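Peer 1: Given these sequences and hints, build the entire structure.
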Amino acid sequence: MSPRTPQPVQVEPCPDGPVLVRGADVVLDADGREHEVTRPVVALCTCGRTQREPWCDGTHKFVRD
Amino acid sequence: MRLPRPRGPLSALTATGLISGVGTSTDRFTSALDELPPSRDVLADDDFQLSLWMLYELHYRGFDDVDPELEWDPRVLACRRLLERRFEQELRFRTEAQVHKARKQAQTGRSGAPADVLAAELGWLIEHMEGPRLAPYLQREASREELLEFLAVRSVYHLKESDPQSFVLPRVGGGAKVALAELQYDEYGAGRAPRLHQTLYGDALEAAGLERTYGAYVEHAPGSTLASNNVMSLLCLHRRHRAAALGHLAAFEATSSAPCRKIAAGIERLGFSEVVAAYWREHVEADAVHEQLAIRDVCGRLVADEPALHEDVLFGAACCLYLDALAATHLLDGWQAGRRSPVGAGA
Chain A
1146 MSPRTPQPVQ VEPCPDGPVL VRGADVVLDA DGREHEVTRP VVALCTCGRT
1196 QREPWCDGTH KFVRD
Chain B
1346 MRLPRPRGPL SALTATGLIS GVGTSTDRFT SALDELPPSR DVLADDDFQL
1396 SLWMLYELHY RGFDDVDPEL EWDPRVLACR RLLERRFEQE LRFRTEAQVH
1446 KARKQAQTGR SGAPADVLAA ELGWLIEHME GPRLAPYLQR EASREELLEF
1496 LAVRSVYHLK ESDPQSFVLP RVGGGAKVAL AELQYDEYGA GRAPRLHQTL
1546 YGDALEAAGL ERTYGAYVEH APGSTLASNN VMSLLCLHRR HRAAALGHLA
1596 AFEATSSAPC RKIAAGIERL GFSEVVAAYW REHVEADAVH EQLAIRDVCG
1646 RLVADEPALH EDVLFGAACC LYLDALAATH LLDGWQAGRR SPVGAGA
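Listed in order, the protein sequences are those of chains A and B.
Under this note's numbering, the residues of the first sequence are numbered 1146 to 1210, in order.
Under this note's numbering, the residues of the second sequence are numbered 1346 to 1692, in order.
Simulated from the structure, these hints should not be mistaken for laboratory data.
Hints are not guaranteed to be accurate.
[Said to hold, decoys possible] Taking beta-carbon pairs under 10 Å as the criterion, some of the chain B residues facing chain A (in silico):
#1 ALA1535
#2 ARG1606
#3 ILE1640
[Unchecked claim] Heads up, incomplete: computed chain A residues facing chain B, CB under 10 Å, no partners named:
#4 GLU1157
#5 ARG1167
#6 ARG1184
#7 THR1195
#8 CYS1201
#9 GLY1203
#10 PHE1207
Values in this document were obtained by computation on a predicted structure and should not be read as measured data.
Each residue gets a CB set at the ideal place from its N, CA and C atoms; glycine is no exception.
Peer 2: Laid out in structure tokens, this is it:
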């Protein structure tokens, strides 16, 4: 195993969906609150309708049209 | 775990063959299969699906009363093959029209990269093969007994959650493999044992007063629930079905977030402990991520690399949607008919 070098945060927008983020430790929401990242990839809400801010909860599928 | 009690001639032959250690003669097995009435829906048949479930389980945790050698015994595999042929034939028949329609609408309505076309087709299938409203029922109306029965029969899968899909990892390469490994890593707790989803489900069962032992409720699971488990083994254990296995995963993940939120709300409404709801709440968030990973990164990259597998992905997705709807229908119909589950009454 080679020593771990810091990896840049990767951001991947999904069409009509959330933004996938890899490599982040903390996400700041609109009010500046810190949310710890606990999974290898997280999906951030972009539709503003999630009930689990800042994380996507799939609600965008029901409000797209 | 010991072999479950047989539920008819096929599962009786299977169990006897496994316990005796010599398997079942394929002639006897073929005759038993031929004796199934043609009107019998094998996708919902207790005897057929339990038989197949026992044979598949040899590849997972096995049974205390079955010699592990039998996992690769040609006689046992030959019987499994007979069941699988019939199972696959029925699945093709039930999903063909929808897969064809999904392809057609995407060809006329969309153009673009293979991964985008695939995502549109998967979206079409998910929209048009929606099952009955099981999650809203659990959210607003289900009794305590009904919810316990739901938790119990779903444990057949959730106590080995994501295990079938691990068989697919060595069968795909490149970007699809990376994305599948990323998704599985999250399912397996992302490096933290207490977060293993199978363990979270065990915690939920225990907090609800149910058994957390692997396989504890197999005997309570109806044929249609066993079929929704067996289809994952069918697709994940055969390399030729690897794309269908991943299509199944995509449909499963993409129809999970919103129902999990409703189920968690139902669990809270009925006053169960927070631990019971926690499993479902974890899946609202996890599956919102996994949906994107499975559709775009796993399946999208797979068809970009191997375009010939495109239709297989849709077949697998349609199998998932069809069988999940069938299993949900059986649970709801049973409750509406006033059937009392021995699970709910005992807990």
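Peer 1: Please go over all the hints and tell whether each is borne out by the structure.
Peer 2: How the hints compare with the structure:
no., hint, in the structure
1, ALA1535, "holds, 6 Å"
2, ARG1606, "holds, 7 Å"
3, ILE1640, "holds, 9 Å"
4, GLU1157, "holds, 8 Å"
5, ARG1167, "holds, 8 Å"
6, ARG1184, "holds, 5 Å"
7, THR1195, "holds, 8 Å"
8, CYS1201, "holds, 4 Å"
9, GLY1203, "holds, 3 Å"
10, PHE1207, "holds, 7 Å"
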